[in-house]
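In the order they appear, the protein sequences are chains D and Z.
To convert a position in the first sequence, counted from 1, into the numbering used here, add 63.
Take the second sequence: its letter number 69 is residue 66 in the numbering used here, and every next letter is one higher.
The hints are simulated quantities; they were obtained by calculation from the structure and are not laboratory data.
Among the hints, erroneous ones may be present.
[Stated by the list, open to error] Using 27 Å as the maximum straight-line C-alpha spacing, the simulated DSS-like pairs for lysine-lysine come out as follows:
#: 1; chain 1: D; residue 1: Lys209; chain 2: Z; residue 2: Lys105
#: 2; chain 1: Z; residue 1: Lys83; chain 2: D; residue 2: Lys107
#: 3; chain 1: D; residue 1: Lys209; chain 2: Z; residue 2: Lys146
#: 4; chain 1: Z; residue 1: Lys151; chain 2: D; residue 2: Lys209
#: 5; chain 1: D; residue 1: Lys209; chain 2: Z; residue 2: Lys66
#: 6; chain 1: D; residue 1: Lys364; chain 2: D; residue 2: Lys318
[Claimed, not checked] Label-pair distances were calculated between CB atoms; the ranges are:
#: 7; chain 1: D; residue 1: Pro313; chain 2: Z; residue 2: Pro21; range: 21 to 27 Å
#: 8; chain 1: D; residue 1: Asn203; chain 2: Z; residue 2: Glu89; range: 35 to 41 Å
#: 9; chain 1: Z; residue 1: Pro61; chain 2: D; residue 2: Leu366; range: 51 to 57 Å
Keep in mind it's a predicted model, so treat the numbers as computed, not measured.
Where a beta carbon is used, it is the ideal one built from N, C-alpha and C, also for glycine.
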Amino acid sequence: MQPPRIFQERYGPLAGNPEIFPSQRLPKAFRVNTLKATVPEVKKKFQQYDLPFQQVPWYPDAFTSSPAALQTMEHALGQIYSQELSSMLPPLLVRPELEAAVSAGQFVLDACAAPGSKTTQLAALMGNRGTIIANDSDYNRLRALKFNCEKTGALNVVVTNSDLRRFPDTKFPAILVDAPCSGEGRAGSDPKFFRYWSLSRIHRFAYLQKQLLEKAFRLLVPGGLLVYSTCTFAPEENEEVIDSLLSKSPATIEKISLPLSWSPGITSWGKKTFSPGLKNTVRIWPHLHQMEGFFLAKIRKPL
Amino acid sequence: MTHCTGKEREVVLSYLESRFGLQPSLFSSFQFTLSAKGRVFLGPLVPESVSPLSVGIGIARLSPSGAVKPSTAFLQLFGRHITKGKIELSREQAAIYLSGESFPLNTKAEEGYVLLTYNNQPLGCGLLKSSAASGREGNQAHPRDATLKNMLPKARRQVVQFM
Chain D
64 MQPPRIFQER YGPLAGNPEI FPSQRLPKAF RVNTLKATVP EVKKKFQQYD
114 LPFQQVPWYP DAFTSSPAAL QTMEHALGQI YSQELSSMLP PLLVRPELEA
164 AVSAGQFVLD ACAAPGSKTT QLAALMGNRG TIIANDSDYN RLRALKFNCE
214 KTGALNVVVT NSDLRRFPDT KFPAILVDAP CSGEGRAGSD PKFFRYWSLS
264 RIHRFAYLQK QLLEKAFRLL VPGGLLVYST CTFAPEENEE VIDSLLSKSP
314 ATIEKISLPL SWSPGITSWG KKTFSPGLKN TVRIWPHLHQ MEGFFLAKIR
364 KPL
Chain Z
-2 MTHCTGKERE VVLSYLESRF GLQPSLFSSF QFTLSAKGRV FLGPLVPESV
48 SPLSVGIGIA RLSPSGAVKP STAFLQLFGR HITKGKIELS REQAAIYLSG
98 ESFPLNTKAE EGYVLLTYNN QPLGCGLLKS SAASGREGNQ AHPRDATLKN
148 MLPKARRQVV QFM
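One chain only, chain Z, in its complex shape (with noise of 0.2 Å):
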């Protein structure tokens, strides 16, 4: 685990703000780690003394390429404050969602990695990508048919019979 650059503290940051509208000063009393494959970790103060195998929790991957991919645990911790790249889903989809499937979705909202939600409760991460069949983005006035892909870990997948 390092600390964090500048440049990759600041493109995570940016992303969260331009992706989810999450202001950089939520996370101003944190520290941002990096582990050798890429996760961002959002934690506390270390004492010097210690040697730690995490800091706090992974909130995203960093590729080389500077891409970023928020986790399912970042995304339902900050979900209230998240004030867009959110798409609400059904009773039925939320329920498929928590058990792992990805599935088909119609939608206006751009592609991307997405917080999805249910009852404005944040349930996770999902990825948001247009269906080749489509042959057209989407926009406010045309919604296109996507497919959400499922980025829930698979050890949080459950089948939920009470929601």
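Just chain D, with the same shape it has in the complex (with noise of 0.2 Å):
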């Protein structure tokens, strides 16, 4: 289905091309899951089954291939997990913070978990050590973080079913918020998108994220990081959430070295300015990165 013009008008400027979805299908995705299985050991099954593949240049543990990936024993056993390219970034971002929180015996936050693409890469990440707290507020989602947490042989996760709004007073080193969306940049692959996309659907969102991001923004130590990420384009629910917490906090904003090309943040959109620190944000377009559409910030609370 063809984005409504408002769509178009909406963020062709802002991504230089009115066309912001390309025409061919973005290749299939996985990560090894190295809690059960090595690089080298995928690569070879995937060379003995004749299957095309081809390593992720800025993460080793990421490959694209074919839809077939997923007729594979690798896939039954939990041993590769299909996973969107731009939804395995966030976890890389806190990376450092892991190894940290789990030699000090402290606890990361997954603040809006389910369906667990990102869990099961923390936990793969930190090798099965420390703990961390997967939260969603949506019980039926939970169910499928539980069964991909099981599949995948998570076992430093502990499922919680909270409104992040109520989250207990507990504080982490490290959190994550992949904010629930308008889910924009995935209408190149929901062929029904647009039915149900408005505006107004966009400033619902938006006013729920402002709220959960700072109430993420509390539940920080002093000196702790927090990544906020939405898989959508629209300004009100990336950089005017982040603006709208820098108003009201100390937060700033860190710049995100990653060793692939993204587009920065803007600053500003319609008659609105933001803070200079959100062209530090990133923001991933599919027709220029060649993966589902993204926004990620790194917040850090200062010591």
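Could you use the hints to bring the two separately framed chains together as a complex?
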């Protein structure tokens, strides 16, 4: 389905092209679940199967391949995990904090965790050591999270079912907030997406996201790191949410360094202007970066 | 979810050691918890302030009589440490297992829960039962006909094209 004109008018100038979604489907991506298999083992198997695969330069555990990757024994056994490339980015941004948290006996929070792609990735990055609190307010979606933890062997995960806004007062050195969002970045793979897309939906999510982010920031220890992400393009759900936190707290935005190409966040939208620090956030556009649309911000609480 | 009592933990650890050769020290850094339905979970330390829905992964079921049934998730994760109570399957048998079917097997292995492997890769849990028709127990010298009951969770069953 073609995006409505208002969608193209909103994002065409931001993306530098009204055709945000490539006509060709993005390649299927997976990551090796290092809790159960090694990268060389999986590579050898895919060579034996004569399946196409390509290692992702910025994340050696990740590969692009064909949909047939889902019909391998490695997938059935949870040795590989099907996950969008852009969705693998948030756990990589907290990687240094994970090691520190494990060493110090501190807990890591995945605040909006279902269905568990990032949680199981965190578990793999932590080698099943330490504790991840995987929280989500949606009980039904937690079933998928628990299933994925069992399948991947993510032993160090504690699942909780709280509205983050009422989450008990616990302090964390590292928090992921992969916020519920309008999901525009995934519209290219969902033919029905534009049936339910609307500006009012964007504004409803933005209202919720501001509350979630403020609460998550309060749960950080001084010096702690919070990664905020969405899979949407709407500045109301991205830069504006971060800008709102900056205006109410001592939060600082850290520059993101990843060995891949992206577009910087914006510092104005319509009549609104945002903190100059917002240019240190990351926007992923499908037509430019060959991944589903995504937004990332690295937020530090001062000591 | 409640913490396992010392006795419950001991029953599970003793079964895992005697049946699969798993040393209790492998699990010393993890907590054992028990659900209301008798599922034993192996997981990490839990902060006091949170009320968990689950802690770690379900490793076994513990019946009131003390019988232990290991889970596929557990056997897949710790399978590389297992030294006994395992059966290596052929390619065809492994494909049948992953699709969720039970099948007959001629084996010397003891009855009970077993780890199934293919190319030494842990596949999951099966229940080995002597076929009533064979009328005798198997031993190291004499294989006997048995049925391998598929214990792979329904949601994990899959027709695998590449193996």
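Cross-check of the supplied hints:
1. For the hint linking lysine 209 of chain D to lysine 105 of chain Z, the alpha-carbon distance of about 36 Å lies beyond 27 Å, and the restraint is violated.
2. Proposed proximity of lysine 83 of chain Z and lysine 107 of chain D is supported: the alpha carbons are some 25 Å apart, at most 27 Å.
3. At roughly 25 Å between alpha-carbon atoms, lysine 209 of chain D and lysine 146 of chain Z fall within 27 Å of each other, so this suggested pair holds.
4. Restraint check: the Cα-Cα separation between lysine 151 of chain Z and lysine 209 of chain D comes to about 15 Å, which is no more than 27 Å; the hinted pair holds.
5. Pair hint lysine 209 of chain D plus lysine 66 of chain Z holds up; C-alpha atoms about 20 Å apart against a cutoff of 27 Å.
6. Of the supplied pair hints, the one linking lysine 364 of chain D and lysine 318 of chain D holds, its CA atoms being roughly 14 Å apart against a limit of 27 Å.
7. The given range of 21 to 27 Å is broken by proline 313 of chain D and proline 21 of chain Z, whose C-beta atoms sit roughly 48 Å from each other.
8. For asparagine 203 of chain D and glutamate 89 of chain Z, the hinted distance range of 35 to 41 Å is satisfied, since their beta carbons lie about 38 Å from each other.
9. For proline 61 of chain Z and leucine 366 of chain D, the Cβ-Cβ distance of about 53 Å falls inside the hinted range of 51 to 57 Å, so the restraint holds.
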